[in-house]
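Colleague: Take a look at the letters that make up each chain.
There are 2 protein chains.
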Amino acid sequence: MIKRRKTRNFHIGPLKIGSEAPVIIQSMTKVDTQNITAVLKQIKDLTQAGCELVRIAVPTLKDSKALRKIIEQTETPLIADIHFSPSRAIEAIEAGAAKIRLNPGNIKNKKDILRIIDAAKAHNTAVRIGVNEASIRDLKRQTVPPAKRIKLMLNEMKKYVRIFENRSFAQLVLSAKSSDCLRNIKINRLIAEHFDYPLHLGLTHAGLPEDAQIPSAISIGSLLADGIGDTIRVSVAGNPVMEIEIAKQILTSLGLYHSAKPELIVCPTCGRAQIDVIKLAKKVKKALSKIEKPLRIAVMGCVVNGPGEAEDADIALCAAKNKAYLYKNGRRIATIAEKNIIPELLKHLENI
Amino acid sequence: MIKRRKTRNFHIGPLKIGSEAPVIIQSMTKVDTQNITAVLKQIKDLTQAGCELVRIAVPTLKDSKALRKIIEQTETPLIADIHFSPSRAIEAIEAGAAKIRLNPGNIKNKKDILRIIDAAKAHNTAVRIGVNEASIRDLKRQTVPPAKRIKLMLNEMKKYVRIFENRSFAQLVLSAKSSDCLRNIKINRLIAEHFDYPLHLGLTHAGLPEDAQIPSAISIGSLLADGIGDTIRVSVAGNPVMEIEIAKQILTSLGLYHSAKPELIVCPTCGRAQIDVIKLAKKVKKALSKIEKPLRIAVMGCVVNGPGEAEDADIALCAAKNKAYLYKNGRRIATIAEKNIIPELLKHLENI
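Order-wise, the sequence lines are chains A and B.
Yeah, the first sequence ends on 463 if you go by the working numbering, and it's all consecutive.
Yeah, the second sequence ends on 463 if you go by the working numbering, and it's all consecutive.
Just so you know, the hints here were simulated from the structure itself, not pulled from any lab data.
All residues carry an ideal CB built from backbone N, CA and C; glycine is no exception.
Keep in mind that the hints are not guaranteed to be accurate.
[Unchecked claim] Taking CB as the label site, the calculated pair distances span:
1. A:S130 x B:K127: 42 to 50 angstroms
2. A:A431 x B:T185: 27 to 35 angstroms
3. B:K404 x A:P454: 47 to 55 angstroms
4. B:K127 x A:A149: 54 to 62 angstroms
5. A:A431 x B:A258: 29 to 37 angstroms
6. A:K262 x B:P257: 35 to 43 angstroms
7. B:K432 x A:D223: 50 to 58 angstroms
8. B:D307 x A:D223: 14 to 22 angstroms
9. A:S130 x B:N451: 50 to 58 angstroms
10. B:N451 x A:L301: 37 to 45 angstroms
11. A:K232 x B:E304: 42 to 50 angstroms
12. A:V255 x B:L457: 28 to 36 angstroms
13. A:K439 x B:D387: 48 to 56 angstroms
14. A:K262 x B:Q145: 54 to 62 angstroms
[Unchecked claim] If the Cβ cut is set under 10 angstroms, some of the chain B residues that face chain A in the computed set are:
15. A177
16. V352
17. E354
All chains should be modelled from the sequences, with the hints used to inform the complete structure.
Modeller: Right under this line is the structure:
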């Protein structure tokens, strides 16, 4: 079990965030904010997929007006994504956003920040301070070598947090993102050392779905494995529902999300296997798709690790020549001829 | 850049392993070892995909004989995967395997181990001590609670390593695998603390390809990010070539592998985007598929992080309404109408 890093705990709308709450899955809409019907449809799709917080870009006054209407028509807590414009931040707070995201790279005027803090306090709105490696360099108008960027990001964060703390505002979520896997891990470890606010994790600009999964899993997953991270957003250049699927897989792998669907462990097979384990595993997966129970099922190809994995599984199949041994909670309870494996497995699954 | 954990360095056949060498990608054949033609075909496919070391199961005497013939017909260094039988280990060494893998869970007799060590020394064969969580429990014939397994694995490793060290054998690679992401990270951190031998990393029994990628990336990736790991094997219940693709993606994400193919950074898009960034990114990816240069290309949807990401990219496209700005090494050098983006991009790529 992961020991979460201790953070402050508070609410974002109806949702609790921090070390005492589960890690929150979030995403972002990818349609024109002013197309209210399309936004609401995407929020619904995301929520049904398991997304608990949805962020929306609010670049113009018209978008702020659309945001107000969207908030009126959904139960899902929303985050307004603010860049450049303090007015957008205040409009979003007044429209009822559960949280706003500010980028220290592009809202720098202290008076503006104080006005935003006061509005957020008055409306009980949470604020994410979202530092992006690419944004920081942008405003410096000069290239900063990679080794120096981490320090720069941490300093930007410190300066910004201080303004909020001096105004006694504590409902802060912090994030620092890079498109580089390693710098993303490093900066977040530093942020976690320096602050006790909940952290939002994400690898930014990760790419098309087939390219984004692995670097996102490494970056977000290795931080979570060390107890760092209270909400995650997987960035994929594709349908945002895919972001939720990947986020759930990351959390499930680390025991931070408990799916109602069975988990399937399969040995990779080798020259020892005496039946086609991969074919069998695919059949088992298909059979499991109808089951809505949080079970652990193992499909193993031989005796090297088969009985051992069976001990951790609710049901395990250890394949042998023309047959499979069926284990329940580590105990071998049946020997099944190859052609009967799936129906027999289903029978045992129904009885659990 | 990752600072690799300092290890001993030696050769496995023609390959150097350890902190002074690149991380080695390995896999395993999944066809009947006695089907020599099929094994050679799979070794060839794996090698062409980027696999540098191939492991083969050798459960019977007939497999040992097949292994000898396979070794005669391939240049790729091979690892014999040995379980239960000390004779198989010695046969594999004498057949010319570059390395053998022993499982302390199922070869326990000290005399047998010493005989194997002497043979390995005589033939300059490397040995991997591969502890598996599932194997250890198997031989104990009792269920060990998860919290205690890590200690048990470490103790098994210590006992085994001591036998090798007392016999002055140092060409050891160590591995400890679990099918649980978190325990896999923990046990490998411990092994890395206790020993200075090169480490082999893998998450065992990860599952079908779509299920295996994310937990493998988290487990292997987070260890590599901390400098731990000298050779990796991704386990997927599928074509072993997929294991190589995933391994390469993990290493590339961490700057440990330098692909000849362009890397594509894409912003996930949001309500700010004024053109279809995902469609554009897919077109760019297709155009890049013909390019064999180690370039970094960014496709970004707006000005928030676009110019910043452009600084790290060889070529970046920042999309705006009906057009895109093209950046080369961070400098904006052209404004391109939407319909001309791909041909213009290709022209610039050719000039690099």
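Colleague: To test your reading of the hints: which numbers does this structure violate?
Modeller: 7, 8, 16
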